[in-house]
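Number of protein chains: 2
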Amino acid sequence: MENKNYKVQPKTLPGFMELLPDEQIKFNYMIDKIRSTYEKYGFLPLDTPIIESADVLLAKAGGETEKQIYRFNKGENDLVLRFDLTVPLAKYVSIHKNELTFPFRRYQIGKVYRGERPQKGRFREFYQCDIDVIGEGELDISYDAEMPSIIYKLFTELGFKDFTIHVNNRKILNGFFEELDLSEKITDILRIIDKIDKIGVESVKTELGKLDISNDKIDRIIDFIKISGTNEDKISKLSQLGIENELFNLGIEQIKDLIKYAILFGIPEKNLELDLSIARGLDYYTGTVYETFLNNYRQLGSICSGGRYEHLTESYCDNNFQGVGISIGITRLFDQLKELDLIEMGKKSVAKVLVVSMDENIDECIKVATELRNKGIPTEVFMQNKKIKNKFKYADKLKIPYVIVIGEEEIKNNTVTLKNMETGEQTTVSRDELTIDL
Amino acid sequence: MENKNYKVQPKTLPGFMELLPDEQIKFNYMIDKIRSTYEKYGFLPLDTPIIESADVLLAKAGGETEKQIYRFNKGENDLVLRFDLTVPLAKYVSIHKNELTFPFRRYQIGKVYRGERPQKGRFREFYQCDIDVIGEGELDISYDAEMPSIIYKLFTELGFKDFTIHVNNRKILNGFFEELDLSEKITDILRIIDKIDKIGVESVKTELGKLDISNDKIDRIIDFIKISGTNEDKISKLSQLGIENELFNLGIEQIKDLIKYAILFGIPEKNLELDLSIARGLDYYTGTVYETFLNNYRQLGSICSGGRYEHLTESYCDNNFQGVGISIGITRLFDQLKELDLIEMGKKSVAKVLVVSMDENIDECIKVATELRNKGIPTEVFMQNKKIKNKFKYADKLKIPYVIVIGEEEIKNNTVTLKNMETGEQTTVSRDELTIDL
Numbered sequence: 012m013e014n015k016n017y018k019v020q021p022k023t024l025p026g027f028m029e030l031l032p033d034e035q036i037k038f039n040y041m042i043d044k045i046r047s048t049y050e051k052y053g054f055l056p057l058d059t060p061i062i063e064s065a066d067v068l069l070a071k072a073g074g075e076t077e078k079q080i081y082r083f084n085k086g087e088n089d090l091v092l093r094f095d096l097t098v099p100l101a102k103y104v105s106i107h108k109n110e111l112t113f114p115f116r117r118y119q120i121g122k123v124y125r126g127e128r129p130q131k132g133r134f135r136e137f138y139q140c141d142i143d144v145i146g147e148g149e150l151d152i153s154y155d156a157e158m159p160s161i162i163y164k165l166f167t168e169l170g171f172k173d174f175t176i177h178v179n180n181r182k183i184l185n186g187f188f189e190e191l192d193l194s195e196k197i198t199d200i201l202r203i204i205d206k207i208d209k210i211g212v213e214s215v216k217t218e219l220g221k222l223d224i225s226n227d228k229i230d231r232i233i234d235f236i237k238i239s240g241t242n243e244d245k246i247s248k249l250s251q252l253g254i255e256n257e258l259f260n261l262g263i264e265q266i267k268d269l270i271k272y273a274i275l276f277g278i279p280e281k282n283l284e285l286d287l288s289i290a291r292g293l294d295y296y297t298g299t300v301y302e303t304f305l306n307n308y309r310q311l312g313s314i315c316s317g318g319r320y321e322h323l324t325e326s327y328c329d330n331n332f333q334g335v336g337i338s339i340g341i342t343r344l345f346d347q348l349k350e351l352d353l354i355e356m357g358k359k360s361v362a363k364v365l366v367v368s369m370d371e372n373i374d375e376c377i378k379v380a381t382e383l384r385n386k387g388i389p390t391e392v393f394m395q396n397k398k399i400k401n402k403f404k405y406a407d408k409l410k411i412p413y414v415i416v417i418g419e420e421e422i423k424n425n426t427v428t429l430k431n432m433e434t435g436e437q438t439t440v441s442r443d444e445l446t447i448d449l
Numbered sequence: 012m013e014n015k016n017y018k019v020q021p022k023t024l025p026g027f028m029e030l031l032p033d034e035q036i037k038f039n040y041m042i043d044k045i046r047s048t049y050e051k052y053g054f055l056p057l058d059t060p061i062i063e064s065a066d067v068l069l070a071k072a073g074g075e076t077e078k079q080i081y082r083f084n085k086g087e088n089d090l091v092l093r094f095d096l097t098v099p100l101a102k103y104v105s106i107h108k109n110e111l112t113f114p115f116r117r118y119q120i121g122k123v124y125r126g127e128r129p130q131k132g133r134f135r136e137f138y139q140c141d142i143d144v145i146g147e148g149e150l151d152i153s154y155d156a157e158m159p160s161i162i163y164k165l166f167t168e169l170g171f172k173d174f175t176i177h178v179n180n181r182k183i184l185n186g187f188f189e190e191l192d193l194s195e196k197i198t199d200i201l202r203i204i205d206k207i208d209k210i211g212v213e214s215v216k217t218e219l220g221k222l223d224i225s226n227d228k229i230d231r232i233i234d235f236i237k238i239s240g241t242n243e244d245k246i247s248k249l250s251q252l253g254i255e256n257e258l259f260n261l262g263i264e265q266i267k268d269l270i271k272y273a274i275l276f277g278i279p280e281k282n283l284e285l286d287l288s289i290a291r292g293l294d295y296y297t298g299t300v301y302e303t304f305l306n307n308y309r310q311l312g313s314i315c316s317g318g319r320y321e322h323l324t325e326s327y328c329d330n331n332f333q334g335v336g337i338s339i340g341i342t343r344l345f346d347q348l349k350e351l352d353l354i355e356m357g358k359k360s361v362a363k364v365l366v367v368s369m370d371e372n373i374d375e376c377i378k379v380a381t382e383l384r385n386k387g388i389p390t391e392v393f394m395q396n397k398k399i400k401n402k403f404k405y406a407d408k409l410k411i412p413y414v415i416v417i418g419e420e421e422i423k424n425n426t427v428t429l430k431n432m433e434t435g436e437q438t439t440v441s442r443d444e445l446t447i448d449l
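Chains as they are written, first to last, in the working numbering: chain A, 12 to 449; chain B, 12 to 449.
Read the hints as simulated data drawn from the structure, not as lab findings.
Values in this document were obtained by computation on a predicted structure and should not be read as measured data.
Be a bit skeptical, because a hint or two may be false.
Copies of the same chain look alike in the list, so a pair counts if it works inside one copy or between any two.
[Unchecked claim] As a list, the in silico DSBU-like pairs of lysine-lysine whose alpha-carbon atoms are at most 30 Å apart:
1) Lys237 x Lys397
2) Lys359 x Lys44
3) Lys245 x Lys378
4) Lys196 x Lys400
5) Lys85 x Lys172
6) Lys216 x Lys237
7) Lys237 x Lys281
8) Lys378 x Lys281
9) Lys408 x Lys44
10) Lys22 x Lys410
11) Lys78 x Lys271
12) Lys404 x Lys386
13) Lys37 x Lys400
14) Lys404 x Lys271
15) Lys349 x Lys131
16) Lys206 x Lys248
Same shape as in the complex, but just chain A (with noise of 0.2 Å):
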C-alpha cells in the first residue's frame, strides 16, 4: 500500500560539504582563479573517471589509505572511487603514453573520496586541484622551479598576503641519513622530523631514541634539521657540514638551481624559504618537496603541498615517467578559512542587476534584461506578480548589486529608474544609454 504522505527525511551525508548559495560562488571564485592561474602557465585540462577498477586504482595502494576506501561491486565488477588525482594520472599517462606530448604538463580540478571517521574539517568527498608535468626520462630542475612561483601566483590572487612556501630536497636528507649510517631508519625518521612543527623539538629527541638512535647522532640530525639564516646562508653550511656523500650533494646542487630558477620565475625570495625540516612523509617523493603555510595560521597546516617523484607509472609499465607536482585540498582550506572568518573575496552575486516592474506590466522589463543580457551583463527579471517591496527584497537576499524599475512613467519616457542597491542612489537613464558596469 502506498501511503502518498509518508514523508523521507531529506539529509546530506555527513563529511560531505553542501553550500548554500552565497558559499557556493565564493568557493567556484577559489576554484576559478585556481583553474585561471593553472592556465596561465599552459597546464592542459584533464578529466579522468570518479569509479574505476578495484585492481588499477589499487595496484600500489595499502594501509591506511585501503581501508578508506570506496569499494563496491556492480554486476561482476570490483570498483572503487578515486582517493587522489595522482593515480588515476599514472593509469592516464601508462594508457596514452604514445599520444602524448611530454613533458606532459596537466591540471585536474575534481572530486575524490576518503571514508575517513568524519570529525570536523575532514570530508568524505573533497575536491583536490592538482598540477604536475611528467617527464619521459630527465626532467630539468627548472620544472621544480615553476611550482613554487604558481603557489605564490595563486595564493596571491585569492587575497592572501603572509604565506610561505617551504622546500626542501629529499636528496639532502636521504644523503645525510646515509653519512649517519642511519639510512635503514630513514623511512622512520623522516615520519619524526616531519612532526616537528607539531610536536616539538624535545617529543622528536624522544622519540628518534626510541629508534636506538645515539644521542650523539640524533643531535647531530636536530643540529642539521635546525640550520638557519637565509636561503643562502642555510646553503653554504650544509656545504660547510663536510658531508662527501654524492646524494646529499646533488641535492644542494638542486636546491641551488631550484631558488634561482623560482626568482627568475618571479616569487619574491621572502615568499620561498629553505626548510630541512619537512619531508612529506610519504616514500613517494625522491627530490624537491613542498609545503606552504599562512604564516598567521600556521595551525591550518600546509595548505599547498607537493614534490618531485619517480616511477610514476611502475605499475602499469616499464618507461622511465619522472614528475613533480602540487596539490591543494581546497574543500578543507574552504572550510577552514570560512571558519576563521578569511573569505572576504570574490562575487557576491551572479545577477548584476534586476529588473522589476512597478505594477504586473512585465513585458518590458523582458525587453531590457533581454537588451543587457545581449550586452554581456548577467542579468534576472522578477516576474512574478508580488508588491515592490518584495521584488526589492528579493534583489537584497541575493545581494544583487541595481535595481531597475520600470513603471508606466519610464515606458511613457523611454527611461528606466536605475536603483544602486549598496548606496541607495536612485537615477533615471535613458533606455537607450542603459548599461552596467561590470
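Following the hints, put chain B in place on chain A, whose structure we already have.
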C-alpha cells in the same frame, strides 16, 4: 612475495569518457559556455554530493531507474551515487527552504551515474548541465518562457545555427484525452505518441490500437498531434476544436503566453515550434515541456529537454514547490558531435605562446615568460635540454599558436624572435614591446 616487475594492465572502464587533452579543451569550452550562459541569466551555482543516502535519493525512484543505480554499503551506510541532478535539488530545497530566496534559480553542472549496459553512445558516468527555477507556490508562466531563450542563446554561442526548440504543454494533452474519455490510458498513450518521431504515424496507430482504443478516437488523436501551420495557426486550430475541457483551455492560454514572452526574451520565432506530439514520457511534468533538435541531425534525438513540474519535494516535505527546468546531457552530445565531426568550435590550446632557448641557457626564457604571464598571457617555457627542432615540434603538437625564440643574439639586442606557428611568419620584437594578442 612482492614482485616489483609485476604490472597491472592499465585501463579505463567501458562507459566512462576519458578524453585526450585536445578533446578535453573542447569539452571544457562547451561546459564553460553553458555555465557562462546560465550565469548571464542570473542562475546561482549549486554543487551537491555525488554520494547520497539511499533512503533519501531513492524515496521516489523505481523501475528502470532503480535497476541502473550504483548502490553499495560503506560501514553501516546504505549509499547510492546520484543518477540525476533533480532529486538532489529536491533534497536541497527541502533542507534549506528557510534559507533560500524564492523563486530559487540554480544551475548545476556535474557528473551523474547510471549502470546502463555499455554500448556506443551510452555512458555510465556523464555530465548533466541543469537549470531550474523553483517557486514557493505559484510560479509565473513567464519563467517557462525564459527557458527557450536560454537554450537559443546557448546553442547559438556554441556555434549551432539550424536548431529548433519544440514546446508543448501537458495540460493540452491531458485535457484532450480527458475529452476523449481516455484519461486512464493517458500514460500509455503519451508514451506511444512520444515515439512518433522515431517510429512514424502508422506504427503509432498500431500501438494505440493495441490499447483497445477505437479507430475513431485514434484518428482524432492523430489529427490532433498532426495539427500544422505556424504557431499561431496551431493555437487557433486548437481553439477551434470546440473542446470545453478546462485543463485543455488553460494549456492553450499558457502556450500563448509562453510564445509571447519567449519572443520578448529574444528567441527568433523560427527557432520555437509548438509541437503537439512531444510529451516527455515521464509523469513528472505537468505543464510546459521542451525538446531541442538539430534540424540536420534529427537522429541525435533531443539535445536539451525539460519542462514544468509540481510536487518537486513531495517525498520530503509538505511545502508546495513548483518548478521549471531544462537539462543538457553534454557527455553524450559531445560524443555524438565528435562522431559527426561537428566539433570545430573553441580553443585549440591552453598556452598562447611557448618560450624556447636557442641553446641551453633558459634564464632569459623564464624572465620573458614571467613578464608575459604578468600581462595575463597563458605562457609556457620549454626547459628540457633538447635540440631546437624538438622544441618547435612540442609547440606544434600542442597547437600553441606562437613560439618565442631567445638566443645570444636576442639577449644582446634585448629582443626576441616571435614565430607565428600558423603562418610561419617570423619577426624580431623588442622585449619592451612584446605582447601576444589573446
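Now the hints, each set against the structure:
1. Lys237 x Lys397: neither (68 Å within a copy, 39 Å between copies)
2. Lys359 x Lys44: Answer is both: 15 Å inside a copy and 21 Å across each meet the 30 Å cutoff.
3. Lys245 x Lys378: between (67 Å within a copy, 26 Å between copies)
4. Lys196 x Lys400: Classified as neither: same-chain Cα gap 72 Å, cross-chain 47 Å, threshold 30 Å.
5. Lys85 x Lys172: neither (48 Å within a copy, 41 Å between copies)
6. Lys216 x Lys237: Only inside one copy: lysine 216 and lysine 237 sit 13 Å apart there, 86 Å across copies, limit 30 Å.
7. Lys237 x Lys281: within (18 Å within a copy, 75 Å between copies)
8. Lys378 x Lys281: between (54 Å within a copy, 19 Å between copies)
9. Lys408 x Lys44: Both, since 25 Å and 27 Å are each at most 30 Å.
10. Lys22 x Lys410: Answer is within; shortest intra-copy Cα gap is 27 Å, inter-copy 47 Å.
11. Lys78 x Lys271: neither (42 Å within a copy, 59 Å between copies)
12. Lys404 x Lys386: within (26 Å within a copy, 41 Å between copies)
13. Lys37 x Lys400: For lysine 37 and lysine 400, only the intra-copy Cα distance (28 Å) is at most 30 Å; the inter-copy one is 45 Å.
14. Lys404 x Lys271: Intra 56 Å, inter 28 Å, cutoff 30 Å: inter-copy only.
15. Lys349 x Lys131: within (13 Å within a copy, 45 Å between copies)
16. Lys206 x Lys248: This pair counts as within: shortest intra-copy Cα distance 23 Å, inter-copy 79 Å.
Checked against the numbered hints listed earlier, the structure breaks hints 1, 4, 5, 11; every other hint is satisfied.
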